[in-house]
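Novice: Below are the chains, spelled out letter by letter.
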Amino acid sequence: MLKNRLIAVILVRDGKVVQSVKFKHTNVIHYDPIHAIESFNKWAIDEIVVLNVSKEASSREQFIESIKKISVECFVPLSAGGWIADLEYARALIACGADKLVVNTHAVENPHFISELAQKFGNQCIVISIDSKRGDDGIEYVATDRGKNITRFKTGEWALKAETLGAGELFINSLDYDGNRKGYNLKLIESITSAVSIPVIAMGGVFRWEHLAEGIDAGAGAVAAANIFHYTEHSTKKAKKFLIDKGLCFRKI
Amino acid sequence: MIAIIDYGVGNLKSIENAIRFNNDNVRVEVVSEADKLKDYSKIILPGVGAFGDAIEKIRGKNFDEAIAEEVGKGKYLLGICLGMQLLATAGFEYGERKGLNLIEGNVINIKEIADNLPVPHIGWNEVEFLRDDKLLSGIQNKSDFYFVHSYFLNCAHRGDILGTTKYGAEFPSMVNRENIYGVQFHPEKSQQAGLVLVRNFVEL
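Respectively, the protein sequence lines represent chains A and B.
Here our numbering is used: position 190 in the first sequence is 190, and no number is missing along the way.
Here our numbering is used: position 159 in the second sequence is 159, and no number is missing along the way.
Worth flagging that the hints you see were computed from the coordinates, not collected in a lab.
All C-beta atoms, glycine included, are put in the ideal place defined by N, C-alpha and C.
Treat the hints with care, as some may be off.
As the list claims (entries may be wrong) - Partial pick of chain A residues on the chain B-facing surface, computed with a CB cut under 10 Å:
{"no.": "1", "residue": "Ala44"}
{"no.": "2", "residue": "Ile64"}
{"no.": "3", "residue": "Gly97"}
{"no.": "4", "residue": "Asn123"}
{"no.": "5", "residue": "Gly147"}
{"no.": "6", "residue": "Lys148"}
Whenever a hint applies, use it, and build me the whole structure from the sequences.
Specialist: So this is what it looks like as structure tokens:
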């Protein structure tokens, strides 16, 4: 039987690992991403997602160097994302060690890009990241550009479209919950997991291990967090133990 | 010295990293010319993508003959993911194609056993070892390994199966016949269990 997955997210800005609070990335946690990998208990995490949250597209080359370094010590699936807008850059990330590509803004601007990527690298390689913001009308809308731009696309509809176009997984974060320590936006996660048949990765807001369990209960196949794993010693191991002790189906450590 | 065969598909860097990790003295090289294979003592056949495309590229570079020759001398061979499937007699992904025929059996779609579970089969899943083997030394039975695939090698002989995994029904996730090994999962992405397996192969 397939296991649920525990995912550590590393946010890289201008080559440094940063914290995210409501999509603001100002606090530097590590000056070199390799320290983030080392500081995790490597044996407990099931997957690592590294996202380039730099403000400038010119950060792309430096990000390639970060992925290269990380991949040497990463023996779980490694996903890379941020500023992926063409096949050539996607190929470069894979060539330097990424197993999956995480695409957000450019997929919204050019949905056909999802199909292009899926045809080239296979669906299993394509993770569509969706940042969502609750509108005044109570409906969730897709945000792009690291949360700066709220579109008129409804999150639920975009999730279904991304699946149809060839996404292998969806990575769901909420602008309202990111870094707020109250746990995932469970209503949002539930509405998406009940609509699509591909795995959903829940992200944003985890502060207690119980929040991870809530994500699984909401139907997510994988639960992700960033900040909390950096600030608690042996954090990923403790999180894993909590989830397994709770009777949830995760890879044993 | 270990050769990782490069026939033009996939990312070979991760496998190379896994071999180098904790194996300081081992020499490992990516080999893209078949006539160089004789200079190495062990061979790794990696692979992602479709069976037909891969086997044509292998034949196009004469790796099929070189692999058969070196394996005939008793050298250890490890096929990983599609590399395991290529060991089979034939594959049926986009039409029938002959494989390397080192492990008797056909490569078929996992849909046929997956009982409506999603295909590809992606993620961490258990491998049950059917017998003791040096490749499994120090790895707990039923450890989880990382899988990404849509097809599997349906062995003709039960005796060739070293390990099985359940996805709907059971399928062979590890094969072994004498000096030939194949694993359907990615040891280079399977953390500790995978790294131990890689080290065991290096030490065979």
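Novice: Look at each hint and say if it fits the structure.
Specialist: Hint check:
no.	hint	result
1	Ala44	holds, 9 Å
2	Ile64	violated, 13 Å
3	Gly97	holds, 5 Å
4	Asn123	holds, 7 Å
5	Gly147	violated, 28 Å
6	Lys148	violated, 32 Å
The structure shown violates the earlier hints numbered 2, 5 and 6.
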